[in-house]
Amino acid sequence: MKVALVTAGAHGLGGHLTRHLLQAGFHVIAHWHHRPSDLAHPALTWVQADLTQASGREALVDAARGRLDVLVNNLGVYPEARLEDTDLALWSQTLELTLTANFHLTQLAAPLLTRPGGRVINLGDSGADRIEARRQATPYHVAKLGVHVLTRTFAQVLGPDGITVNMVSPGFLENSVGEPGEPIPAGRPGAFEDIAAAVDFLLGDGAAYTSGTNLLVNGAWNLG
1 MKVALVTAGA HGLGGHLTRH LLQAGFHVIA HWHHRPSDLA HPALTWVQAD LTQASGREAL
61 VDAARGRLDV LVNNLGVYPE ARLEDTDLAL WSQTLELTLT ANFHLTQLAA PLLTRPGGRV
121 INLGDSGADR IEARRQATPY HVAKLGVHVL TRTFAQVLGP DGITVNMVSP GFLENSVGEP
181 GEPIPAGRPG AFEDIAAAVD FLLGDGAAYT SGTNLLVNGA WNLG
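Residue 94 in my numbering sits at position 94 of the sequence shown, with consecutive numbering throughout.
For the record, the hints were derived by calculation from the structure and aren't laboratory data.
Predicted, not measured: the structure shown is a model, and the values here were computed from it.
The beta-carbon is built from N, C-alpha and C at its ideal position, and this holds for glycine as well.
Keep in mind that the hints are not guaranteed to be accurate.
[What the hints assert, rightly or not] Below, in silico cross-link-like pairs of lysine to any residue (SDA-like), each with a Cα-Cα straight-line distance of 25 Å or less: (1) 2 x 221; (2) 2 x 39; (3) 2 x 132; (4) 2 x 22; (5) 2 x 219; (6) 2 x 204; (7) 2 x 136; (8) 2 x 196; (9) 2 x 58; (10) 2 x 90; (11) 2 x 36; (12) 2 x 182; (13) 2 x 181.
[What the hints assert, rightly or not] Using C-beta positions, here's what the derived DEER-type ranges look like: (14) 175 x 204: 36 to 46 Å; (15) 63 x 187: 34 to 44 Å; (16) 133 x 40: 17 to 27 Å; (17) 65 x 181: 42 to 52 Å; (18) 175 x 43: 33 to 43 Å; (19) 23 x 133: 16 to 26 Å; (20) 130 x 197: 21 to 31 Å; (21) 182 x 204: 43 to 53 Å; (22) 43 x 224: 36 to 46 Å.
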């Protein structure tokens, strides 16, 4: 049985991906911190960890017990504050959870990933590949741009071992905060199933040569 690790895997998109991977036949190691889930499954291992701490990230990867096929870096923090209202504590926490945890978990998981065939999937954000002024939720956008850089760089580092690293960037989802701000050409918000379908593609054998890419799942919204 293949093993997948999902950060922030208890609720929202992460909870959906946890369930989706269980249905696909994976043993899932799902991370949570503040709010547990009541989901129970013979192939599900819950791990509570504070991923702002290196020790928490190490404990989470240790739960894989030396074998991992898929890492899904889903964790991210979206502070709604404008830049002028963002203090250092909020800035640091957002970067720590959204960017630093992504880097460190990928670094820790890399030696455990199947060779060839291992997969790392980072959750990005529509527009994360563009450098532009972001006055609202600035640390989040800085972090997601960093995740894009990490995705491409780890793809080159791990590519010789047959491991792919890609980013899936949702647009405005059904549970997104606020309003989309502009019409969504596809006519609806994105659904968790849309993101899971993109993850399925990147996990499949047909994506073995796809690495370092940012897969936009946004209904043509927010293209710049």
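So which of the earlier hints does this model not fit?
Hints 1, 3, 5, 7, 10, 12, 13, 14, 16, 18, 19, 21 not satisfied by this model.
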